[in-house]
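Chemist: Work the whole structure out from these sequences, hints included.
Residue strings, one per chain:
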Amino acid sequence: MSSADLTTDVARRPFTGRRARLGDLVLEGVAGAAALAACALVGLIAWKIVDGARLSLSTFGPGFVTRIAWNPVAGREVYGAASFLFGTAITSLAALLLAAPLAMGIALFLTELAPRAIRGPVTALVETLAAIPSVVIGLWGILVLGPQLRLHIEPWLHSTLGFIPLFGTPSPAGASIFTAVVVLTIMILPIVASISRELFLGVPQELKEGALALGTTRWEMVRGVVLPYARGGIAAALILGLGRAIGEAIAVTQVIGGGVFIHWNLFDGGDTLASKIAAEYQGATSKLQISSLISLALILLVFSLVVNLLAQWIVRRAARSHGGGTVRP
Amino acid sequence: MTKEPEDVSTTIEPTVRVETRRQPMPPRERLERVFQIENLTASYGPKPAIRNVSLDVYKNLVTAIIGPSGCGKSTFIRCLNRMNDLIPHFRQTGTIRYHGQDILARDVDPVAVRRTIGMVFQRPNPFPKSIYDNVAWGLKVLGMRDDLDGRVERALTQAALWDEVKDRLKASALSLSGGQQQRLCIARAIAVEPDVVLMDEPASALDPIATQAIEQLMHDLKRSYSIVIVTHNMQQAARVADMTAFFSISTGEEGERFGELVEYDATEKIFTAPADRRTEDYVTGRFG
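Chains X and B are the protein sequences, given in the same order.
For the first sequence, the numbering used here assigns the number -4 to the initial residue and increments by one for each residue that follows.
For the second sequence, the numbering used here assigns the number 426 to the initial residue and increments by one for each residue that follows.
Do not take every clue at face value.
[As the list claims (entries may be wrong)] So, partial list: chain X residues that the calculated Cβ filter (under 7 Å) puts toward chain B:
| hint | residue |
| --- | --- |
| 1 | Ala126 |
| 2 | Gly205 |
| 3 | Ala208 |
| 4 | Leu209 |
| 5 | Gly210 |
| 6 | Glu215 |
| 7 | Val220 |
| 8 | Leu222 |
[What the hints assert, rightly or not] What follows is a list of derived Cβ distance ranges for each label pair:
| hint | chain 1 | residue 1 | chain 2 | residue 2 | range |
| --- | --- | --- | --- | --- | --- |
| 9 | B | Ala537 | X | Arg218 | 15 to 21 Å |
| 10 | B | Gly495 | X | Val139 | 56 to 62 Å |
| 11 | B | Ala530 | X | Thr123 | 56 to 62 Å |
| 12 | B | Asp481 | X | Thr123 | 53 to 59 Å |
| 13 | B | Ser494 | X | Gly100 | 50 to 56 Å |
| 14 | X | Gly27 | B | Asp632 | 58 to 64 Å |
| 15 | X | Gly100 | B | Thr518 | 34 to 40 Å |
| 16 | X | Gly27 | B | His514 | 49 to 55 Å |
These aren't lab readings, by the way, just hints derived from the structure by calculation.
Every residue, glycine too, gets a C-beta built ideally from N, C-alpha and C.
Modeler: The structure is reproduced here in structure tokens:
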């Protein structure tokens, strides 16, 4: 083919000839590999955990989940997850129960009530709370919060609300489920508050004005328009907070006190799945004990996964209801 | 631009045809005044928005506020129900007497003001609730719980929406068309039985057919309510308003720009024989 032919050909069809561009290829390769690696990692971790849990699960069967026992003494070894499941459930749910109204309060204050000048600084401070490493909060829990709760709050709650089983006799040890609950509350508060704040900021000004123009008060406007509008997102934020509370190990281990029993007394010690794993993994001696700890990890993983999926499902459902299209008859 | 103001009436070729179906207005001194606004000046921070606006709004009439963008029309109408209180750094001076009481006074509760003086906004803003709940919510919150269904139906009927939605009251308000949404917002506003309905460019986001429906609605509503409407659409003002106020932008001594009331008169007069050159320029389309 002569160069003249080429010229006329190119002149006639100037867009022909797809060339592989190096930059695009590299981008595709790197991005694809990163995405694949993330998927592979999840699979690998899941597989490793299931594999590690196998010994314990085959020894104890499904009864592992319901048994209240944790005895690593050689020859009399028996393990069960029930008390840790209970500990995880009660600490994270109680923390959520405490954090939810506080977080809503903070978020509403920062978006609707506070004078504009202090909104920025207070928002920054609340977000700083999220940046405190959990081991530091745990240390503070041991040194400051725990003793305070044991000396003042717990006896007071016991004497005034003692008829409720949750507020039983305070344990003299200073570490209790209640301390863990308060520590977890502090840890999930900023994340729930700052997501809720974003959600409230996202409520269209037009809707708020529409409500106020009817002659409603600020509180009526918040209750009738702001909260319903942000409802789905708030539920998701709370579940995200729950996820964090379920998985938190270090700070809980530091303050919860330990113990293998199910009881309703918040002021006594206990353990969660995560705190048990963190507290005992290093000292574990037998294969069965290690495998049982990994079984706890497996349960924790399933828990977290379910919570995460639940949050995503709620967000998606809320997004649909805002669109309004689905309710058209 | 050599015309003398005297022969304005003879030389104007109106671009806006004033419709004649409007009933002749009784003499102004016999009309009851809803608002007496005196020397209203409003600013956002250091930026002036309107200066020294004085005008009276009459009962059971439609009063239109027209003028170019940035002349403070919306600022003005939002002063009438203390809606600007929500905007940081907003300041206002002067008096707005509503049936004699100055609603800008310190001891006045803006919530109570808005309870009596309702508002419809530029963009339809139905709540993300059902059609029924959009109207019923305000009623419930304000304690008008007796005969809730009846009140909702009456409001929707008054807003000329009942027939279109009566079979799907539980459907989301967001499933309605833009024009229907705006009529729903009007229903929501009148359900709580205000005395005055303020409308801030209520049809500017709507198509011509929906606009027509809203305008027809205003004719019907003024029997029961006094209506103040901001519009950038002169034809609309000519079609719906009994009285028209023309706002314009002026430049102050320090070069600051602010809105002011140029002329306020019967709509017919504003569009056919305005007294001020600036009004004439605006309504004939030479400006804005």
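Chemist: Hints numbered earlier in the text: which of these fail when held up against the supplied structure?
Modeler: Structure breaks hints 1, 8, 11, 13 and 14.
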